[in-house]
Amino acid sequence: MFTSHRLFAAALLVAALSCGGGAVPRPTDAHVARARTRWPDTTRASLERGRELYVARCSGCHPLHPPSTQAPARWAALLDQMAPRARLTASERDLVLRYLTVASETERGPAPE
Amino acid sequence: MSAVRPLAAALAVAFASLLPGAADANERHFTYTYESAVLPAGAKEIEAWTTPRIGKEDYFVRFDERLEFEVGLTDQLMTAFYLNWTAVTADVAPDTRESVTEFSGVSSEWKLKLMDPVADAVGLGLYGELSGGTEDYEAEAKLIIDKQVGDLLLAGNLVLANEWELEPAETETEQEVEIDLSAAYFIRPGFSAGVELRNHNEILEGEWEHSALFFGPVFGYATDGWWAAVTILPQLPALKKEGDGSRVLDDHEKLEARILFSFHL
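Heads up: the protein sequence lines correspond to chains F and A, in order.
Counting along the first sequence from 1, when you hit position 69 you're at 69 in our numbering, and nothing is skipped either side.
Counting along the second sequence from 1, when you hit position 48 you're at 48 in our numbering, and nothing is skipped either side.
By construction, these hints were calculated from the structure, which means they are not laboratory data.
Every residue, glycine too, gets a C-beta built ideally from N, C-alpha and C.
Treat the hints with care, as some may be off.
Taking beta-carbon pairs under 10 Å as the criterion, some of the chain A residues facing chain F (in silico) [what the hints assert, rightly or not]:
hint	residue
1	Glu27
2	Pro117
3	Gly133
4	Gln148
5	Pro189
6	Ala193
7	Gly206
8	His264
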């Protein structure tokens, strides 16, 4: 009776364990160092806050897009469009932008000048 | 019966015209299986549900209609209020077909998101719903698990419900256990296609009455300002039932479908 349920549960578990939340990575020292080249006042805590805001405000409306699915330079335009809907203040938008830009750059490499 | 859907649509439009604002959404990609996402704090949404239930031993067509107003209380907690109607056309005797439309009650829903299906190892949510009408009332709890891996979305619910039916002589109590499992693939941003599996078990007076099984396709579409999802679920041979036939046709139908249409306020 429950064979199909067991198979589905196993697939769900394998998928969960294989991903481990890496699609929206937690900020590391490498992220902070990269961010400071553009925003010198960036800290690990501010990048964590940017990630936290991104997960909390954006996932309510649509599945989250991992940062690396967009080119680093594209995140600013996307946030201009989405920030009002996510009810992000200007300072919150800035924190989310820093996180998404740096996380994308770290995985994809810096945007071409 | 035909009066129900226009009434629901008219009420939805009335709500929308009263409450204009920024566009927010809480896209659903399945119609029976819930996902862990909740509306962001302050966001509001109207959802109109239509659930056609078609075919028993004799002619039977039923529409369950719900109109839902959702609001995000915090970024992790949302609540919703529903108005529910039912319309049934059925053969009640040889050569006698009757139609009944009735307001079947109201519901209050609460959903708490604990983990995110993309950012965390697995998405996790808790859901509670209370429904009350003139003939019965029900309490329902759901454990929601979901996970998105690339363009593949997986979700599962364990649902426990207790229903009290108000009979003239006594109140009858029954329990329901349901397992919903779903998978969908994002063919392109905003458009998903997949399958839903629904296993509904009923326990009456401590006896396991039946275990009905449904399986079919689901499609979801989301764009700026609104989203919709539709599932078509034929009933498969039951895992457990009493009496003749392979399907459970006293409490269920040969075919169920569900259409959700939602827009942002």
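Hint check:
Annotation: interface hint on A/Glu27 holds; nearest CB of chain F at approximately 6 Å, less than 10 Å. At about 7 Å, the closest approach between the beta carbon of A/Pro117 and any beta carbon in chain F falls short of 10 Å, and the interface hint on this residue holds. A distance limit of 10 Å between C-beta atoms decides the matter here; for A/Gly133 the minimum to chain F is near 30 Å, and the interface restraint is violated. Checking A/Gln148 against chain F by beta carbon gives a least distance of about 5 Å; that is within 10 Å, so the hint holds.
The closest approach between the C-beta of A/Pro189 and any C-beta of chain F is roughly 9 Å, which is under the 10 Å cut-off, so the hint is satisfied. At about 15 Å, the closest approach between the beta carbon of A/Ala193 and any beta carbon in chain F exceeds 10 Å, and the interface hint on this residue is violated. With 10 Å as the threshold, the beta carbon of A/Gly206 stays out of range of chain F, its nearest partner Cβ sitting at about 20 Å, so the hint is violated. Using the Cβ-Cβ criterion of 10 Å, the hint placing A/His264 at the interface with chain F is satisfied: the shortest such distance is roughly 8 Å.
Checked against the numbered hints above, the structure breaks hints 3, 6 and 7 and satisfies the rest.
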